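**Q** Whenever a hint applies, use it, and build me the whole structure from the sequences.
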Amino acid sequence: MSDAQASTQEGAAAPAAGLPDPVDLPERIRRHRRHTLELLTVCALGLVPWTVLLAMTLPSVYEVRQWRATWVGFDALLMVAMAATALLGWLRHRAVIVSATATAVLLICDAWFDVSLAFGTSGVWLSAVLAACVELPLAFYLIRRVMGMISLAQWPTTKAAAGSSGQPGRPDA
1 MSDAQASTQE GAAAPAAGLP DPVDLPERIR RHRRHTLELL TVCALGLVPW TVLLAMTLPS
61 VYEVRQWRAT WVGFDALLMV AMAATALLGW LRHRAVIVSA TATAVLLICD AWFDVSLAFG
121 TSGVWLSAVL AACVELPLAF YLIRRVMGMI SLAQWPTTKA AAGSSGQPGR PDA
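The numbering used here puts the sequence shown at residues 1 to 173.
Treat the hints loosely; a few may be bogus.
For each label pair, taking beta carbons as the anchor points, the in silico distance ranges come out as [as the list claims (entries may be wrong)]:
{"id": "1", "residue 1": "R144", "residue 2": "A83", "range": "15 to 25 Å"}
{"id": "2", "residue 1": "W90", "residue 2": "I150", "range": "47 to 57 Å"}
{"id": "3", "residue 1": "A69", "residue 2": "H35", "range": "35 to 45 Å"}
{"id": "4", "residue 1": "I150", "residue 2": "L54", "range": "31 to 41 Å"}
{"id": "5", "residue 1": "S122", "residue 2": "L45", "range": "35 to 45 Å"}
{"id": "6", "residue 1": "H35", "residue 2": "G120", "range": "23 to 33 Å"}
{"id": "7", "residue 1": "V134", "residue 2": "G73", "range": "16 to 26 Å"}
{"id": "8", "residue 1": "S122", "residue 2": "R30", "range": "46 to 56 Å"}
{"id": "9", "residue 1": "R30", "residue 2": "I150", "range": "18 to 28 Å"}
Since the hints were derived computationally from the structure, they do not count as laboratory data. Remember, predicted model here, so these are calculated numbers, not experimental data. All C-beta atoms in this analysis are idealised placements derived from N, C-alpha and C, irrespective of residue type, glycine included.
**A** Right, here's the structure in full:
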């Protein structure tokens with residue numbers, strides 16, 4: 001038996017140092033999931049009064065400094081996100097899911113800000129056309145592709161994660 005085979009069999013018999021016992025893994029995953037969902041729920045609820053406060057106190061007109069730097073910086077970030085998505089896609093790296101999602105979100109934000117900040121000006125029409133014909137379709141295309149990639153992923157079942165054999169269980173996502 002080779003050293004690699006021996007270490008693989010030893011690793012299967014006993015958990016690696018510092019790692020949780022595979023039997024405890026599903027409970028640990030459920031606990032992390034619950035804590036994450038609790039955090040997101042508190043944050044979402046906390047944004048309600050903050051949004052109301054902003055709606056009541058922000059001025060409708062505001063002179064902005066560094067307007068050019070803000071928009072050029074945002075578009076540079078969008079360019080980097082698109083390039084990263086393309087590169088990761090060409091490399092067939094699974095991180096393409098994260099970069100494609102980030103790119104889609106940036107495209108949706110870009111469409112929102114372009115249209116909402118041009119509202120009341122003659123530039124609103126060009127912004128609306130670009131949003132409707134370029135930014136939003138590309139964003140939704142990326143989201144659709146990400147959802148397709150996620151559906152193709154092989155997720156471990158609860159029982160497989162626990163290291164037991166038997167009927168496949170439902171993944172805890």
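**Q** Between I150 and L54, is the Cβ distance one that fits in 31 to 41 Å?
**A** About 34 Å separates the Cβ atoms of I150 and L54, which means 31 to 41 Å holds.
**Q** So does A69 sit 35 to 45 Å from H35, Cβ to Cβ?
**A** Roughly 38 Å apart at Cβ, these two residues keep to the hinted range, so it holds.
**Q** Evaluate the given range 35 to 45 Å for the C-beta pair formed by S122 and L45.
**A** holds (40 Å)
**Q** 16 to 26 Å was suggested as the range; check whether the CB atoms of V134 and G73 agree with it.
**A** holds (20 Å)
**Q** A range of 23 to 33 Å was offered for this pair. Does it hold for the Cβ distance of H35 and G120?
**A** Taking Cβ atoms as reference, H35 and G120 lie about 44 Å apart, which means the hint is violated.
**Q** State, for the Cβ atoms of R144 and A83, whether the hinted interval 15 to 25 Å holds or is violated.
**A** holds (21 Å)
**Q** I want to verify a distance hint. Is the separation of the beta carbons of R30 and I150 within 18 to 28 Å?
**A** Taking Cβ atoms as reference, R30 and I150 lie about 20 Å apart, which means the hint holds.
**Q** Given a hint of 46 to 56 Å, does the C-beta separation of S122 and R30 actually sit inside it?
**A** holds (55 Å)
**Q** Is it true that the C-beta distance of W90 to I150 lies inside 47 to 57 Å, as the hint says?
**A** Violated: the Cβ-Cβ distance is about 20 Å, outside 47 to 57 Å.
Hint violations for this structure: numbers 2, 6, all remaining hints satisfied.
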